[in-house]
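K.L.:
Residues per chain are reported as follows:
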Amino acid sequence: MNSFTLVLIEVLLAVIAAPIVGGLLTGIDRKITARMQRRKGPPLLQPFYDVAKLLQKESSTVNMFTRFFTSFSLFFTVLAVVLLFIGQDLLLCIFSFTLAMIFFVIMGYSGYSPYSFIGAERELIQIMCYEPMILIMAFGFYESTGSFKISETLVQSTPVITKIPLIFLGFIFILTIKLRKSPFDLSMSHHAHQELVKGITTELTGICMAMVEVTHWFETVFSLALVYVFFIWANPYSHVIAVAACLIAYFLEILIDNIFARLKWEPVLRTSWIVTGAASLANFIILGLI
Amino acid sequence: MVRKSPWILHYDGSSCNGCDIEVLACLTPVFDVERFGIINTGNPKHADILLITGSINEQNLPVVKQLYDQMPTPRAVVAIGACAATGGVFKDCYNVYGGVATAIPVDVYVPGCAARPENIIAGVVKALDVLENRRVKKSKPKKELSTRKNAKAKTTGGEE
Ligand code: SF4
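Read top to bottom, the protein sequences are chains H and Z. Okay, so the first sequence: first residue is 123 according to this note's numbering, each after it adds one. Okay, so the second sequence: first residue is 4 according to this note's numbering, each after it adds one.
Just chain H, same shape as in the assembly (with noise of 0.2 Å):
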């Protein structure tokens, strides 16, 4: 098989597997949530249904944009996905992730709704939070590996995580707010009746929430793929190791998600800053010493 082959497979699982592994995963995420608030649950496939179903509803959209931005920023995280899973540059997958964010926030401005407009200012600052952390960690990742291109960890005698487990920790803390679990959902939240209504998408319909549903999957194997990374070197089996350090990752995320009640965006940016400010600080620190 020679390379180009293996790169269209790649491209090909990225596209179409990927938001299959992102709705199942969503679909557990409900039925384990149900489980833990001693509920039955909504079916695994929940997830494919509503998307069908609003894709066979009206869609009015108060303006042009909304449908404009919205398919903006599905197609930015699918490219995200994609060039994550063919091994390309890690600087380039967070830049195309980072754009689909913008489109989406415009998304929420483009809109009339109080509640869209406060979901997009609270997306921004979401953004805030997060972002240094993403940026500090392909730092990390150039500090381990030697290079920013992903495929260079599969050539590595140890995985990422034993040289930068802090950054790998302060990774870890923003998953949640990418995740859009509570403690911090603030722009949106999967729970209904909040009391932004939902958010930065309360004016979406029809296929423009559809396009969020799918665009929210992609998300969350993006997310994981990114722990994945920090797992995988040159042993094959090692896949299997990163496999299940994603699916831990998961499930702690749903646990946090059910133990805590949502916090106002100050403390929610105060503590995603010190957390991983200290834990990457003290992580150069430590490479540097070695």
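No lab work stands behind these hints: they were computed from the structure. Mixed in with the good hints there might be a few duds.
What the hints assert, rightly or not - Computed footprint of chain H on chain Z; a stretch qualifies when at least three of its residues, placed anywhere within it, have a C-beta under 8 Å from a C-beta of chain H:
id	segment
1	45–55
2	70–83
3	91–99
We put the CB at the ideal spot given by N, CA and C, even for glycine.
Knowing the structure of chain H, use the given hints to seat chain Z with the ligand on it.
P.N.:
Below, chain Z with the ligand without anything else, positioned relative to chain H:
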């Protein structure tokens, strides 16, 4: 697919809050409506089914109409309890117009004072058939913009 993922919006009109509490009881672990894919959204733009408890009065008439108008089609309305059906005990109040049908077309009536959670869930499940029929028909129903003048006029349920 709407059968498997009906999202509801709950609005409480002129009521004693009895039916209101029963609707919320459906969300508790005992009844757990989420096992049917039902989600209680607070957002008309995401809702498929509008659950109304209580009667229509001068103050909430425009609110109910606006909520209904904001819901994307196909949509259905379930009136819960005696108040939502006819005005119930509030029927003779000076400011009350009557049941939900005085404002918007109703598809399913759930009887009771207060309606039981089992019946409410059954009502929602019945509304799913209505939604499914509407989707199959694909006929976009005309918005029923009844003015305040004819609000008192009796309208019989059903969007079509
Ligand atoms: S039907 Fe009975 S219980 Fe329900 S709101 Fe009316 S008075 Fe209260």
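K.L.:
Establish whether the coverage given for the segment 45–55 of chain Z by chain H is satisfied; the threshold is a Cβ-Cβ distance below 8 Å, and no fewer than three residues must meet it.
P.N.:
holds (count 5)
K.L.:
Counting residues of the segment 70–83 of chain Z whose CB is closer than 8 Å to a CB in chain H, do you get three or more?
P.N.:
Since 3 is at least three, the answer is holds.
K.L.:
Are there at least three residues in the segment 91–99 of chain Z whose beta carbon sits under 8 Å from a beta carbon of chain H?
P.N.:
Contact hint for the segment 91–99 of chain Z vs chain H: violated, 0 residues under 8 Å.
Hint check: a violation occurs at hint 3 only; the rest are consistent with the structure.
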